[in-house]
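Chemist: Residues per chain, in single letters:
Number of protein chains: 2
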Amino acid sequence: MKKQGLLLIISGPSGSGKGTIVEQLKAKDDFSLSISATTRSPREYEEDGVHYFFRTREEFERMIENQELLEWAEFCGNCYGTPRTYVTDQMQKGQNVILEIEVQGALQVKKLYPDGVLIFLVPPNLEELGRRLTKRGTEDKETINRRIHRALEEMEFVPQYDYVVVNDTIEQATEDILTIVRAESMKCSRNKEIKKVFKGEI
Amino acid sequence: MKKQGLLLIISGPSGSGKGTIVEQLKAKDDFSLSISATTRSPREYEEDGVHYFFRTREEFERMIENQELLEWAEFCGNCYGTPRTYVTDQMQKGQNVILEIEVQGALQVKKLYPDGVLIFLVPPNLEELGRRLTKRGTEDKETINRRIHRALEEMEFVPQYDYVVVNDTIEQATEDILTIVRAESMKCSRNKEIKKVFKGEI
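Keeping their order, the protein sequence lines are chains A and B. 298 is the number of the first residue of the first sequence in our numbering; add one for each residue after it. 298 is the number of the first residue of the second sequence in our numbering; add one for each residue after it.
Hints are computed from structural coordinates only; laboratory data are not their basis. Errors might be hidden in some of the hints.
Copies of one chain are not kept apart here, so a pair can be met inside one copy or by any two copies together.
What the hints assert, rightly or not - Dumping the calculated DSS-like pairs for lysine-lysine here, alpha-carbon to alpha-carbon at most 30 Å:
{"hint": "1", "residue 1": "K484", "residue 2": "K408"}
{"hint": "2", "residue 1": "K432", "residue 2": "K493"}
{"hint": "3", "residue 1": "K323", "residue 2": "K492"}
{"hint": "4", "residue 1": "K438", "residue 2": "K493"}
{"hint": "5", "residue 1": "K492", "residue 2": "K438"}
{"hint": "6", "residue 1": "K325", "residue 2": "K484"}
{"hint": "7", "residue 1": "K432", "residue 2": "K492"}
{"hint": "8", "residue 1": "K408", "residue 2": "K323"}
{"hint": "9", "residue 1": "K496", "residue 2": "K407"}
{"hint": "10", "residue 1": "K496", "residue 2": "K432"}
The whole structure should be built from the sequences, with the hints applied where relevant.
Modeler: Spelled out as structure tokens, the structure:
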């Protein structure tokens, strides 16, 4: 019996380390990473079709019109969205899929897929978040302050998430998420055929 | 900040190995085991106040009348129940509590404590259940057949549980339950003060 893949939706403020953790998850276990479309400019190391599909605003708006996006949102002046087909194809094949998306998008997806697992990733505390954002060196002070303010706003949405993971260290937080995935796979709602399996009927 | 203890409610048919697994959990981690009251006769190795509180039917009925039981049920001609005070005291101290109870009782407790975590333990398959019950050598053939029939009936209630754990080996099933406990401790509903913790307010 082929079980449907798990849809893992990971959000967290800039500086929560979600990018690194998602890379670790891909390396450690059997996850496909959904690639988002965005109108924001690529960072130096980012490649089109690998980190994001980089699109113009016009192209992005066409994707919305054609209902090619599972969710989309505007954040700090840029649009981000999740191409629908890739996600649903993978899940039907029994493959777990990770969406790394921000709060508004995550809640849109949860409405469409109540079985999706919403995880909110937080840095251990406010000071550490400030340190991480400063260390990154890609944004000016004003942007950093805006991101900290935004982080506090986003945390108001934590109660609508399923799990909260504190990123003290990348290793621990990655292990925590794998723990959640293992527990979720034992949910009765994901094992509806258990009696038939027990009786040897399937 | 002292978090409330987790209430873990474990059920499973005779021969699912729940007794052994509960012993392993007590040995491995920070769990208190609730001691049930019962009207059934002690097995050879069982001690009053350690494995069960062995009570006469008259004594048991007095406990029901005095509302001293969190739940109770009759099963194969015997009554089983959970003394209330011990459980609530431990949880308030931040201690995790395990209840090893049968289906009817488990569902009663879940109604009273929706935050309780219901785990259904199953042997890997029907043949293995038969083998385990026969090997135990404490029941005659008729009782074994009744228990197998009862196991199949009980599995109808799995959809009302939160998790299902397959007991292939004691070690794996114990680890699975610890995984569930770790994941549950990251539930947003159990971390309502996370924003205050993040801001350093508590």
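Chemist: State for each hint whether it applies.
Modeler: Hints, one by one, checked against the model:
no.	hint	in the structure
1	K484 / K408	both (19 Å within a copy, 19 Å between copies)
2	K432 / K493	between (54 Å within a copy, 24 Å between copies)
3	K323 / K492	between (32 Å within a copy, 29 Å between copies)
4	K438 / K493	between (59 Å within a copy, 25 Å between copies)
5	K492 / K438	between (58 Å within a copy, 23 Å between copies)
6	K325 / K484	both (22 Å within a copy, 23 Å between copies)
7	K432 / K492	between (53 Å within a copy, 23 Å between copies)
8	K408 / K323	within (25 Å within a copy, 39 Å between copies)
9	K496 / K407	between (34 Å within a copy, 27 Å between copies)
10	K496 / K432	between (57 Å within a copy, 20 Å between copies)
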